Amino acid sequence: MKNNSQPANFFRALWAVVWKDLSAEWRSRELLTAMLVFALLVILIFNFALELDARARASVTSGVLWVTFAFAGTLGLNRSMAAEKDRGCLDGLLLTPVDRSAIYFGKAIGNLIFMFVVEVIVLPIYSVLYNINLFRPGLLLVIVLGSIGYVAVGTLLSTMAVQARTRDILLPILLFPLVVPVMIAAVKASGGFLQGLPWDEISIWINLLIVYDVIFVAVAFMFFDYVVEE
Amino acid sequence: MQSKPRFLSILDTVTAILFVVAVAMVFFYAPLERTMGQVQKVFYFHVATAWVGMLGFMVAAVVGVLYLTKNDRKYDIAGLAAIEISLVFFFIAIILGSIWARPVWNTWWTWDPRLTTATIVELIYAAYMMLRQGIEDPDRRARFGAVYAILGFISVPLTFISIRLLRTIHPVVIGNSDPSAEGSFSMTGPMKTTFFYSLFVFSVLFVDLFWHRIRMGKLAAKVEELRLKVSS
Amino acid sequence: MLMALFQAPPDTTGYMIAGFAVFFGVMLVYLVSYFVRFKNLRQDLEVLQEIDSEE
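These protein sequences, in sequence, are chains A, B and C. FYI, our numbering numbers position 10 of the first sequence as 10, with every residue one higher than the one before it. FYI, our numbering numbers position 59 of the second sequence as 1059, with every residue one higher than the one before it. FYI, our numbering numbers position 48 of the third sequence as 2048, with every residue one higher than the one before it.
No lab work stands behind these hints: they were computed from the structure. Remember, predicted model here, so these are calculated numbers, not experimental data. It is possible that part of the hints are untrue.
Per the computed footprint, the stretches of chain A lying under chain B, defined by three or more beta-carbons under 8 Å from a beta-carbon of chain B, are [as the list claims (entries may be wrong)]:
{"#": "1", "segment": "164–175"}
{"#": "2", "segment": "182–190"}
{"#": "3", "segment": "201–211"}
In this text, a Cβ means the ideal position worked out from N, Cα and C, and glycines have one as well.
Okay, chain A solo, but in the shape it has when bound (with noise of 0.2 Å):
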């Protein structure tokens, strides 16, 4: 019985904690609302800045697509905690008697699901805006993957990162560095999928990608009590 429950309290506890984040960004809007409108002011200042005309578009398209989701991600992230821990709840959440992890996979699955309502807007519009299809399974799937990489990472860090002085600026300098492997993978598997190249030149990257998820994940979960821990 003892056995049957504990996992059932896990994902209670994980569930509690992922519905917690959404209903409160449901009555406030405040950070997807930002996460947007910074996402979508990053692609207005690519286009003056890189020129994208239909030849330049084809190349730099997955570039001026992941940096953005980077910004807008760091966005999140940080908000996402400063909020937890400015209104002492980051405290209130360590009080209760549930698993450290299940907070930590509560955080990631909640800043997970803002980063997709932000990348799941961005995309069409981007795709209205210069004539590119960018609904294509393959670049789906590679957005998934960057994604869930990069926040697995941007939530240990941010945790990190609001209980320092400097925290504003300190969460990019302390994710960037790390995520260089996620980024350059997802940007050459979604340049491959834009430019129709064939799967055995694109299946690396998506190896790499599994890879540092699979790596990230586990490493992060295991030291999220630390960072935590008062």
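Got chain A; can you put chains B and C on it based on the hints?
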């Protein structure tokens, strides 16, 4: 603070002598490389500094694990010491690599996997320093530092693999598609001796500096403790 | 000797000197910073110990 241990003084002297011998070997014992000329002499210290840098980052990850399991401050002090020294050595290695690349590859910088990975690694540990500076509570600083040192070290092989794949699939525009081919050379006997001797000397130098830096770390911890006590 | 005459190596002495200058320069800066920090810590410790003993 106890006075300087005698063995450390001996180590200082030994390191200094070994180091002078290494410099002499580089200039007078190792023969001149024919196609690259004098600049090849930079190579011995370039590889040695890079090796010591990597060694220090590895040490930091190991003591990071030890800190998290044993919760002993001395491991945190050792971790910070290793990373600080390695940052200096790695910085030298990157600059030396760039200086070497200029006459040999005809460019200051190529996005070669090793050079690029080295730069990203340097940035990771610079971020480590910034993280530590942003946290006042010593316990929390130590925990976060340990976690980030481990995370950073794990990401290094993945970064290297991804950049390597990027370069082999996409040939670089400037220079050869495989930069390690151009400017490579076979080491003759005296060159090999000098090379391995440099690696050895720099390892000893690392141990010496590491020891000194740990002593300073302990002193700093003591000062911090006392400061908290006095101000409260 | 003859080989060396046939194939004179390119003159890269300037780069070599620059390389070693960077190496010794950075090492020197690091060592100086180390000694300065060590000395400052010693002074801090003395001052703090004095204050501590007065209380």
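Per the coverage rule (Cβ-Cβ under 8 Å, at least three residues), is the segment 201–211 of chain A covered by chain B?
Satisfied; 5 residues make the cut.
Within 8 Å of chain B (C-beta), three or more residues of the segment 182–190 of chain A
The restraint on the segment 182–190 of chain A holds, since 3 of its residues have a Cβ under 8 Å from chain B and three suffice.
Test coverage of the segment 164–175 of chain A by chain B using CB-CB distances below 8 Å; three residues minimum.
Answer holds; 7 residues pass the 8 Å Cβ test.
Against the hints set out earlier in the document, no violation occurs for any number.
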